Amino acid sequence: GAGVSQSPSNKVTEKGKDVELRCDPISGHTALYWYRQSLGQGLEFLIYFQGNSAPDKSGLPSDRFSAERTGGSVSTLTIQRTQQEDSAVYLCASSQRAASSYNEQFFGPGTRLTVL
Amino acid sequence: AQSVTQPDIHITVSEGASLELRCNYSYGATPYLFWYVLSPGQGLQLLLKYFSGDTLVQGIKGFEAEFKRSQSSFNLRKPSVHWSDAAEYFCAADFQAGTALIFGKGTTLSVSS
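Respectively, the protein sequence lines represent chains Y and X.
Position in the first sequence counted from 1, then plus 572, gives you the numbering used here.
Position in the second sequence counted from 1, then plus 1, gives you the numbering used here.
Extracted from the complex, chain X is given alone in its bound form (with noise of 0.2 Å):
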């Protein structure tokens, strides 16, 4: 069955310590790929998507992700992560080109001061 795993529930950073968020994807044709973010009060926001081509793709509020095929992965990374930053993370995947997007059920990060 077509799946997004993210196996990180909750993960805690310090401000200015870089942040890697993991996702994983099942089915064997490459999926569109997505990253959003839940903040209270911002609603669903995407930060970045992955179609083809350049495998590391830039997003908005300095985050980045990178395409490994071999490993199934769109893993989420920013340098140096802000307080601001605390929110719920989504890695997000569509199998079909345009219908269902298929959602981890999510990774919540704090930020420590």
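Just chain Y, same shape as in the assembly (with noise of 0.2 Å):
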């Protein structure tokens, strides 16, 4: 596509329950970030992939937190047993990852997970 997409873009759940966003990177690009932006809590760093594998997960705030990216395309967050903490809006991005240069990360437009 033309740029990043994730879906849902709204979403509102109730404590307890688990939910799924999803990701899908611009074609080609190999390396995929996830983000949130929580109230008062500025944007904050939670999982980058390269390729299918991430080799930096330091961001995950707890072990509720999980994600996924298959065939080095498509990525989902998945948030377990979810907190009314957890409510923010989810970014992801993407970029091409040439060692030459660097990449910039392009944004989607964004998840807004609402825990009541």
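FYI, nobody ran anything at the bench for these hints, they're computed from the structure.
As the structure is a prediction and not an experimental result, all values here were calculated from the model.
A hint or two may mislead.
Stated by the list, open to error - Interface residues of chain X toward chain Y, partial, derived using beta-carbon atoms under 7 Å:
| hint | residue |
| --- | --- |
| 1 | L45 |
| 2 | F52 |
| 3 | G54 |
| 4 | F96 |
| 5 | F104 |
To be verified - Which chain Y residues stay away from chain X? Per the calculated CB distances, all over 12 Å, these:
| hint | residue |
| --- | --- |
| 6 | V576 |
| 7 | R594 |
| 8 | S599 |
| 9 | D635 |
| 10 | Q652 |
| 11 | A665 |
Where is the CB? At the ideal position from N, CA and C, for every residue including glycine.
Take the two lone chains and join them into the complex the hints point to.
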């Protein structure tokens, strides 16, 4: 596609339920990133994929959070047993990974998650 | 620890007035530096970036930013603000060349008429 797409755009869920957020990166981009914007917290890095592997999971806030990427393309961020503090906008970004130059991250429109 | 600081949470500027949004970064080596804007319905858009070389960088929408190594700063400026510039602005740094971006907490810009 022309840009990074994310679905759903909005998700309202009840505390304790599991949710899955999807990211479709720009075609051909091998790197994929998840961030979230929480009220008062700014934008926080969650996890980074290079291909299907995740060399950096340091930003995942708890073991309720997991992410996977299959086929070097689509990624899913799963939050289990959601808590109210998980309410945030979850942003996905992708970039090429050419070794010879820095590659800009392109962001999707985000998924707004509200946990009641 | 690597960090990016935006000291101003909220700024109000009159339309037509000049704007400066502050950003400071920590860490010894100079990271790659970025300014993004988050507008309602627009997602996160890159305004400009600094990798090396000329310390004054030009971006889109009439924005520019100046990198000052001595102050570890990368402040965003615009000579004349338009009402459509009202948005949330984020400064970001990449300290590890192509992995995570470290963002500041953002500055919300309001434009008064």
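Evaluation of the provided hints:
1. This hint holds: L45/X has a C-beta 4 Å from the nearest C-beta of chain Y, less than the 7 Å allowed.
2. Interface hint status for F52/X: upheld, as the beta-carbon distance to the closest one in chain Y is roughly 6 Å, under 7 Å.
3. Checking G54/X against chain Y by beta carbon gives a least distance of about 13 Å; that is not within 7 Å, so the hint is violated.
4. Because the closest C-beta pair between F96/X and chain Y is about 11 Å apart, greater than 7 Å, the hint is violated.
5. Taking 7 Å as the C-beta cut-off, the interface hint given for F104/X holds, the closest approach to chain Y being about 4 Å.
6. Distance check for V576/Y against chain X: the nearest CB is about 9 Å away, which does not clear 12 Å, and the non-interface claim fails.
7. A cut-off of 12 Å between C-beta atoms confirms that R594/Y is not in contact with chain X; the least separation is 16 Å.
8. For S599/Y, the shortest C-beta to C-beta distance to chain X comes to about 18 Å, beyond the 12 Å cut-off, and the non-interface label holds.
9. No Cβ of chain X comes within 12 Å of the Cβ of D635/Y; the nearest lies about 20 Å off, and the non-interface call holds.
10. No Cβ of chain X approaches the Cβ of Q652/Y within 12 Å, the least distance being about 23 Å, so the stated non-interface status holds.
11. Taking the minimum C-beta to C-beta distance to chain X, about 8 Å, the non-interface status of A665/Y is violated against the 12 Å cut.
When each numbered hint is compared with the structure, violations occur for hints 3, 4, 6, 11.
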